[in-house]
Amino acid sequence: MEFSRRETLGLALGAAVMTVLPLRASASVVDDRIAEFTGGAEMADTGIELTAPEIAENGNTVPISVDAPGATAIMVLATGNPTPGVATFNFGPLAGSQSASTRIRLAGTQDVVAIAKLADGSFAKASAAVKVTIGGCGG
Amino acid sequence: MNYKALTAIAVALSLPLSAHADADDDTLVLNEEETLVTKTAAPAHLSDVMDEVMSGWHFRSDETQALQMDDFENPAMVFVDKAFDAWNTVEGTEEKSCASCHDDVEESMAGVRAVYPKWNEQAGEVRTLAMQVNDCRENQMGAKAWKYTGGDMTAMEALISVQSRGMPVNVAIDGPVQSVWEQGKEMYYARTGQLELSCANCHEDSYGLMIRADHLSQGQINGFPTYRLKNAKLNNVHARFKGCVRDTRAETYKPGSADFVALELYVASRGNGLAVEGPSVRN
Amino acid sequence: MASGVKPRVKVPKKATPGEAITIKTLISHQMESGQRKDKEGNVIPRSIINRFTCEFNGQLVTDITIEPAVSTNPYFQFEALVPEAGDFKFTWYDDDGSVYDATKSIAMA
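One line per chain: the protein sequences are D, S and X, in this order.
Heads up: the first sequence begins at 1 in the numbering used here, then just goes up one per residue.
Heads up: the second sequence begins at 1 in the numbering used here, then just goes up one per residue.
Heads up: the third sequence begins at 1 in the numbering used here, then just goes up one per residue.
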């Protein structure tokens, strides 16, 4: 039987990913942060793209990028971290695009959420599930 | 069926979580310019145990691999910048900097990392790059030695490694270093710790398998010092060795000790022919 | 000031008027999250870069609010419009009150 690298990773994860997440931020903290940013407005599910790896080799350094054409700001939250805040990107008049990339910490397997405030005052939301693998010997 | 395959099967059967996770076939191109040799024929002294040696880069995810392919993406390069400043900074009673004797690091250090550890005739000993750096600091500059695994040292090792990137690792194993090399080889195959594991159990018999959710590589050190995502800093060879030995639940040797110098020489020689990659990016 | 903080910035040397260019930045910083404990079990206080800004000739490109989930040695990549030749100014704000900056000039191709 032959497995591709990706399938293999998936198999290994099935067996070995930690399913218990200590210190998870409570849903209400995440909701509060979102409400603070949107003022409680509805969020469309188009208009923003969030790119993150399906499987992160190490939760210490997970590359992500966000892109929301025309947005004035994008907030990123890690819903499974002890404190969910990651970063808020505000775009000025000389932004070449309303996109950015960074590297973030994820305390375990969880959903990362990005919310854009669009130029017309409306909001859009995208989320990505990231599986965080445990280490080899040392963990 | 050869011995290695049998061993691999034996290990696979004994580890319930193991799965095959062979090295990938990606190509390491640096800054869209230079292709580095990350797989090559095993050096002659390994010919009866393996056919091919390969860099730990092949055992990492695409995202981690990408971090090493561009000198701006590579977080280690900010420490190379710092070491470049240190190279030109006068320190110690002799009022010298590295540059006072070695001038331009790009010229004077080209090829140096590729041949270390190496014999120092004057001192009559095998020296690692870190030992040589500290010898310069203490005896040429009149400055305090750096901590063997500290940030100043790993950054300086990274700066020196960059000047040899792409050159094949080529450490000598015979002549005056032979007895030290033999000592290192013995250590590599000696089972140690409460888990009774030798270096070879993981990195020769079982590379390509999973250890928990991580990949077992050949344990090559051509990429050192390496920026590990795990601790978000540069790590030199002896710091990594210490972690490995600790994980076999053994008392570890001290970084900079004669034991680790011997082991480094032997492990480096297992990567003869691979490109110098330091500073690499690993998990 | 946190010890040995060093910024790195990558900006193209030239652009055409109105071009959107890619900028990459990284600064060496521990980004102590405030979640970790020391050997004695005491919480290590939070100490991070909490804000990063990029301006071109005094006009804002991006202003980023940073929280403890951004990785050690924070890295940002983004795009900037370059209407004319001039200077990019990059500023990082540390929790301890330190401010680090870097400047890069760009010419018109």
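What the hints contain is simulated information worked out from the structure, not anything from laboratory work.
All of these numbers come straight from a predicted model, not from anything done at the bench.
Keep in mind that the hints are not guaranteed to be accurate.
[Claimed, not checked] Taking lysine to aspartate or glutamate pairs in the EDC-like style, the calculated list, with each CA pair at most 20 Å apart, reads:
#1 X:K24 x D:E54
#2 S:K230 x D:E54
#3 X:K24 x S:D26
#4 X:K24 x S:E107
#5 S:K230 x X:E55
#6 X:K10 x S:E196
#7 S:K230 x X:D63
#8 X:K104 x X:D38
#9 X:K6 x S:D26
#10 X:K104 x S:E32
#11 S:K96 x S:E107
#12 X:K13 x S:D71
#13 X:K10 x S:D205
#14 S:K233 x X:D38
#15 S:K233 x S:D81
#16 X:K10 x X:E55
#17 S:K144 x S:D85
#18 X:K24 x S:E196
#19 S:K242 x S:D174
#20 X:K104 x S:E196
#21 S:K233 x S:E251
#22 X:K13 x S:E32
#23 S:K39 x S:D26
[To be verified] Some chain S residues near chain D, calculated using beta-carbon distances under 8 Å:
#24 R60
#25 T64
#26 E91
#27 T93
#28 G208
#29 R212
#30 N283
Note that CB positions come from ideal geometry on N, CA and C, so glycine has one too.
Against the structure, the hints come out as follows:
Between K24 of chain X and E54 of chain D the alpha-carbon distance is near 24 Å, which puts this suggested pair outside the 20 Å criterion. At most 20 Å may separate the alpha-carbon atoms for a hinted pair to count; K230 of chain S and E54 of chain D meet this at roughly 19 Å. This hinted pair does not check out: K24 of chain X and D26 of chain S have alpha carbons roughly 25 Å apart, beyond 20 Å. Simply put, K24 of chain X and E107 of chain S have alpha-carbon atoms about 28 Å apart, too far for the 20 Å limit, and the pair is violated.
The suggested pairing of K230 of chain S with E55 of chain X is violated, with an alpha-carbon distance near 33 Å, which exceeds 20 Å. For the suggested pair K10 of chain X and E196 of chain S, the alpha carbons sit about 48 Å apart, so the restraint of at most 20 Å is broken. Proposed proximity of K230 of chain S and D63 of chain X is contradicted: the alpha carbons are some 29 Å apart, above 20 Å. This hinted pair does not check out: K104 of chain X and D38 of chain X have alpha carbons roughly 39 Å apart, beyond 20 Å.
For the hint linking K6 of chain X to D26 of chain S, the alpha-carbon distance of about 32 Å lies beyond 20 Å, and the restraint is violated. Under the criterion of a C-alpha separation no larger than 20 Å, the hint pairing K104 of chain X with E32 of chain S is inconsistent with the structure, at around 23 Å. Our distance criterion of 20 Å between C-alpha atoms is met by K96 of chain S and E107 of chain S, whose separation comes to about 19 Å. Restraint check for K13 of chain X and D71 of chain S: the C-alpha separation of about 17 Å stays at or below 20 Å, so the hint holds.
In summary, the hint linking K10 of chain X to D205 of chain S is not supported, as the alpha carbons are separated by about 43 Å, beyond the 20 Å threshold. About 18 Å separates the Cα atoms of K233 of chain S and D38 of chain X, which keeps this hinted pair within 20 Å; it holds. With a CA separation close to 14 Å, the supplied pair K233 of chain S and D81 of chain S stays within the 20 Å bound. Taking the CA atoms of K10 of chain X and E55 of chain X, the gap is about 14 Å. The hint holds against a cut of 20 Å.
As the CA atoms of K144 of chain S and D85 of chain S are separated by approximately 17 Å, the hinted pair is consistent with the 20 Å bound. At most 20 Å may separate the alpha-carbon atoms for a hinted pair to count; K24 of chain X and E196 of chain S exceed this at roughly 46 Å. For the hint pairing K242 of chain S with D174 of chain S, the CA-to-CA distance comes to about 26 Å; that exceeds 20 Å, so the pair is violated. For the given pair, K104 of chain X sits about 55 Å from E196 of chain S by alpha-carbon distance, which is inconsistent with the 20 Å threshold.
A hinted pair counts as satisfied when its Cα atoms are at most 20 Å apart, and K233 of chain S with E251 of chain S does not qualify at roughly 24 Å. At roughly 18 Å between alpha-carbon atoms, K13 of chain X and E32 of chain S fall within 20 Å of each other, so this suggested pair holds. For a cut-off of 20 Å, the pair hint linking K39 of chain S to D26 of chain S stands: about 10 Å separates their Cα positions. Because the smallest distance between the Cβ of R60 of chain S and any Cβ of chain D comes to about 7 Å, under 8 Å, the interface hint for this residue holds.
Taken as an interface hint, T64 of chain S checks out: its beta carbon lies about 5 Å from the nearest beta carbon of chain D, inside 8 Å. For E91 of chain S, the shortest C-beta to C-beta distance to chain D is roughly 33 Å, which exceeds 8 Å, and the interface hint is violated. A distance limit of 8 Å between C-beta atoms decides the matter here; for T93 of chain S the minimum to chain D is near 41 Å, and the interface restraint is violated. At its closest, the beta carbon of G208 of chain S sits 10 Å from a beta carbon of chain D; the interface hint therefore is violated under the 8 Å criterion.
Of the supplied interface hints, the one on R212 of chain S holds, with its beta-carbon coming within about 5 Å of a beta-carbon of chain D, less than 8 Å. With a least beta-carbon distance of about 5 Å to chain D, the hint placing N283 of chain S at the interface is held under the 8 Å criterion.
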